[in-house]
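Now for the letters of each chain:
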Amino acid sequence: MLSLHTHAQLSGSPSKRIYKVLGISEALTTSHSVERILIDQRSSLPQLDLQVMAKLGFAGLVSDRPRADVPSDLLCVSNLSESKVVGRGDVVRIRDRGQVSVLNRRGANANFLLATERCNSYCLMCSQPPRDGVDDWRVDEILDLIPLIDKNISVLGITGGEPTLLGRRLAEIICSVTQNLPNTQLNILSNARLFSDASLADVLTVDSCKVLWAVPLYADTAARHDYVVQADGAFDETLNGLYNLAERKAAIELRMVVHAQTVERLVQFSEFVWRSLPFVAHVAFMGLEPMGFAKQNRDLLYVDPVDYGPTLETAVWYLQDRGIPTSIYNTPLCLLNRDIWPLARQSISDWKNSFAPECDDCDLQSRCSGFFKSAGSGWRSRGIQPINKECTI
Amino acid sequence: MVLGGLLQIRLARDQFDSNANVYERLSYRSARVPGVDGRVLVTSDAGEFVFLTSDEFSQLEAGTLHSTSPKFDDLLAKQLIRVGGSSSSIRIAEAKLRTKKAFMREGQTLHIFVVSLRCNHSCAYCQVSRQGVHDKKFDMSSATAVAAVDRMFESSARHLTVEFQGGEPLLAFERIVEIVELVEARRNTSKRGITYTITSTLHHLSEEMLKFFKVHKFQISTSIDGPSALHNANRPTPDRDAHARTLSGLWSARNSLGANSISALTTLTKRSLSNPEAIVDEYVRLGFRSIFLRPLSPYGFARRSERKLGYDMAEFVSFYERALAYILELNRQGVQIEEAYASILLTHILTPFASNYVDLRSPTGAGFGVLVYNYDGGVYASDESRMLAEMGDDLFRLGSVHDSLPKLMESQAMSILRRTGIAEELPVCRDCAFLPHCGADPVHAYATQGDPAGDRLSSAHCLRHMGLFRILFRYLEAADPEVMRTFLAWINKKPRSTFAHAGTS
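So the protein lines, in turn, are chains A and B.
Just so you know, our numbering puts 381 at position 381 of the first sequence, and the rest follows in order with no gaps.
Just so you know, our numbering puts 730 at position 337 of the second sequence, and the rest follows in order with no gaps.
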């Protein structure tokens, strides 16, 4: 797993905060604006004359060592403490003191943009607990970043917090993605509660053609869902929101997180989705991410996937068999029956994913979601075991 | 604001359902199903159902069902009750009902062209007054065909099914060609999906016809009543070879169009009822994947020869029960054969959608979902309506093909259908637990009882469907995994083997 953050030495002062890193040949032909391009000049790469670089209007370069010959209008990023973190095609944020963060990584299996840390729910298993406060700078940064993302990126995610709390500012983000990345599918993770106000649904579904609203729904009854999200009335709002989105032809994915508070009515949840929300494009059943509130609430939430497996599989097949595409996320293959493997996805972002020692002997590691690297021994299923192809096929 | 080790201050579970025991009952209906002891079937307006024990049902009615009862959350999730004035319960129930009744916004989707009354068969039960093979005055004229196509395109439906019927429609093949050409000329500009179907004995099928059907992707529906002896007894022709000739047509049609393009219907007479297994076996032997077991309709000659061929609904229902049990056993053994009637009713019961079956819906499909263009230029509300007219009663004739569709919709016939075609408003129907899955049939009620509103207790339509629903709900209550797998395959129109893993869900 590769970190998203590292440190560098800077010379020349950064005129912007966000840059795209490209190799020479790509930089010379790119359609992105050159004043945002840092040319990767690390070892063994063909070197470009720095005067020419400045003349062509490039922002600067990434270099192994600080260079004395850098013109004052070029930024030189050097001595990265972990060089691999920054790769060609990546979009990075560079702060004055040299913190370098990768905001968008070329070729990653998941690229998400955190739009706000504010949230109107307070879920028992929230992996990224919300924080109050003004964080409008995030929207500005995202709007700055979107034009620098590879045009051929197939999926881009917006997450939070609750992005719809941004109101019209979220519409700006959707609009910018539609303009800059017309072929990209935009997944927005939202509890859809605010869409119970149809006028917000009007504002945010104008460019809905490439937007997928990924909406968590944790039960077929209000009391259970409201308890899980720790917000009275949330179920009513989310359901009204889902219908308001559907009436505006928005594409919707439902997300269920499987744990002790939801597993009891998991099959009935599937029946509810089929009967009440048959228009959804996809349903995802996800394993717990042992982060944030989930860690604190482990005893309230944890069930060994081996024990809920049969229930999960019944719930998943219930929908898949009725024509609603359904997937399992964050669950290692060895904990699932083999006939449901085709529906299990490699869902854990590559920078948070890891494997157990016994996985070294497993033939399916390349197809497996693996584990969240944050998982401690209290989250370890007793069913983890290597799978050997000859034995199973 | 807490940073770093943020600690959640949690609200307890009971803070979210403190008032749960105070519930409102929403609209539901109930029934006891014979053979299901000690349990009550409860259905919602949108057709979802729960079986409750007698105790649970009494408590539900009395308002004393406790939120810890195992059925409480099921009732909530299916909008049979609600708590705390939940706004989503009503929104969900509305959305479900709109989905179930989506056909109401579609307009007429099925357009039946009766291109000729001529036929070489002289079946005693024939649903229409068939005419001799040579009497061309019983063919549809070109002017009628042109006007009928105009009427069809006045319908607002996005998808149109063009069905050719007779008589034996292949005897008027030139008219079929003409109509298809008229439709094709408007297909693109009208932006409609078009499906062609034809109901034929296939006795007059030629290579030229097959070529034409292939180009226009026709779905062919033929009639096979069972083994040869039964079929030929039911369907006399001068040479007594009806079964053989239909089979010969079937093979050539399958060869040119593919097996999936041809289906068959059974007509069940009194002599069919004694041996359901033989009829099912004949369908399996002939390679059909579906059989449709419908009772005789009380029209045409059928009514006149009722004593000889007819039977009461109780006889049909017990025949059907035996046939369905046999079909389910075949499926369990791996034979892929669907019973189409069950499949339609199960689609009504087990899915959020309606079926495209126009003979069982509310508001009635007659006139609202179907239009029939008769050979003589009359427009009728349904196939049954024009059969009634052949018997001398044109109550459900909407007018002529030369009248505009809005004018046809203002006819007295449509006004009768509007008043009597909504099951939710009919006495007995409106209180029936099977209502969400059933439909109104004013034309049938009028033909059999002389009153389009009809009397349910003596209605063959009601007895038949009550019988079928009871059989199906007995299976659904027992929920045998093998049977449920078969049902799942039927409602999904996919082979049973696709659902190898499916359990009790």
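Worth flagging that the hints you see were computed from the coordinates, not collected in a lab.
The structure presented is a predicted model; accordingly, all values stated were derived computationally and were not measured.
Treat the hints with care, since some could be wrong.
Claimed, not checked - Quick list of in silico lysine-lysine cross-link-like pairs, BS3-like style, CA-CA up to 27 Å:
no.	chain 1	residue 1	chain 2	residue 2
1	A	K249	A	K151
2	B	K584	A	K249
3	B	K584	A	K210
4	B	K610	A	K249
5	B	K584	B	K610
Hint-by-hint comparison with the structure:
1. K249/A / K151/A: It holds: about 26 Å lies between the C-alpha atoms, which stays within 27 Å.
2. K584/B / K249/A: 20 Å, holds
3. K584/B / K210/A: 25 Å, holds
4. K610/B / K249/A: Roughly 31 Å between the alpha carbons, so the hint for K610/B and K249/A is violated.
5. K584/B / K610/B: 18 Å, holds
Consistency note: the structure conflicts with earlier hint 4 alone.
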